[in-house]
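All chains, full assembly: derive it from the sequences and hints.
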Amino acid sequence: MIQNPYDLSGLKNKKVIIRTPGPAEVCEIFEEDLPSLNAAQVLVKVEYCGVALGDILFREGISPVEYPMTPGYDVVGHIVAIGTKVYGFKPGDRVAALTLKDGYSSYVCIDSEIIVAVPQGITSEKAIGAMLNYVTAYQLLVNKAKLPAGSSILIHGAAGGVGLAVLGLAKVLNITAYGTVSTHKVSTVTVAGGIPIDYTQTDFVKEILIKNGKGVDAVFDPIGGSNLWRSYKVLDKNGQLISFGVGEALKKEGNAKWRLFKAVWPLIVLKLLPNSRKVRLYTTSPKNRHLKEVIERVFAFVELGKITPVISKVFPLTSVIDAHKYLTDQRPMGKVLLKP
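Numbering (the UniProt record's numbering), first residue to last: 1 to 340.
None of the hints are false.
Now the in silico label distances, taken between C-beta atoms and shown as ranges: (1) L209 to E66: 40 to 48 Å; (2) E66 to N255: 12 to 20 Å; (3) Y67 to F261: 19 to 27 Å; (4) P68 to T328: 19 to 27 Å; (5) F261 to K146: 26 to 34 Å.
Using 25 Å as the maximum straight-line C-alpha spacing, the simulated BS3-like pairs for lysine-lysine come out as follows: (6) K214 to K271; (7) K214 to K144; (8) K144 to K101; (9) K171 to K278; (10) K257 to K271; (11) K325 to K313; (12) K233 to K271; (13) K339 to K325; (14) K144 to K233; (15) K146 to K211; (16) K171 to K214; (17) K325 to K262.
Derived by calculation from the structure, the hints in this document are not laboratory data.
Built from N, CA and C at the ideal position, the CB exists for glycine as well.
Next comes the structure, spelled out in structure tokens:
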């Protein structure tokens, strides 16, 4: 039995569906009856969902997934119905979740164990802006690399969504952060508290060693491929290289499987090198038992004004094709959102 004080009769769920891998144009808008809940789920009316490069990897068939599928890593919205085995939440509550997929919808069923209440002092835009990007940043800096205050890092793609999140959290945690960036985004990195390295004008390997001398304690690499070799070169003797993306695979060279292989194989080789440096992989999993606690900590930082999520642009759900093209073609500063 479902607990539902709202009249949902006659309502439809509008969502994005991808039936086969391909360019942005394979994203279709599909309308269906509201999804059915099981006893341990909540039905959320989505206010915002994030657009991530991970969605593009699903769409292009680079990350393995079954089709048809609906992308969408993270959502913020209000509960409109709950299952009978849901405790601690009620209809009307504003919640957030990392769903991994299915977020590009006007309504979505979410397991109650992965939802987190959004504090009253945070707008829904700021909440969704903090979700995937800042949770990833916290995981990288604190739970994966376990960096103490006074450490130094390099983040690639420093003006992107996760890049700005890493810079913001590094500042809060008293960690010196270098960031690779193109010329017109240099000031963005500086304002965010990072030390910019314009990769179009200089070799970041030489620049880091000049600025830092001994190398950095950790490099966070969302690119993969040949960039991993160069990232490895700027590590201190006990440093860590953490790969958290395969942006290299978005280059249109070969089929999806070959592109993915080219992006990840250096990681495998580097892990085998006999020295004190560490090479690791980070992926986001909604079932990570620490994730709810991380989201709550990130929300606390937002509420205290210690971090300010940057929103690049908000698109209506029906403009999902434009949103995907904007993300891949413009590589915007901050997070891209869809609003159902």
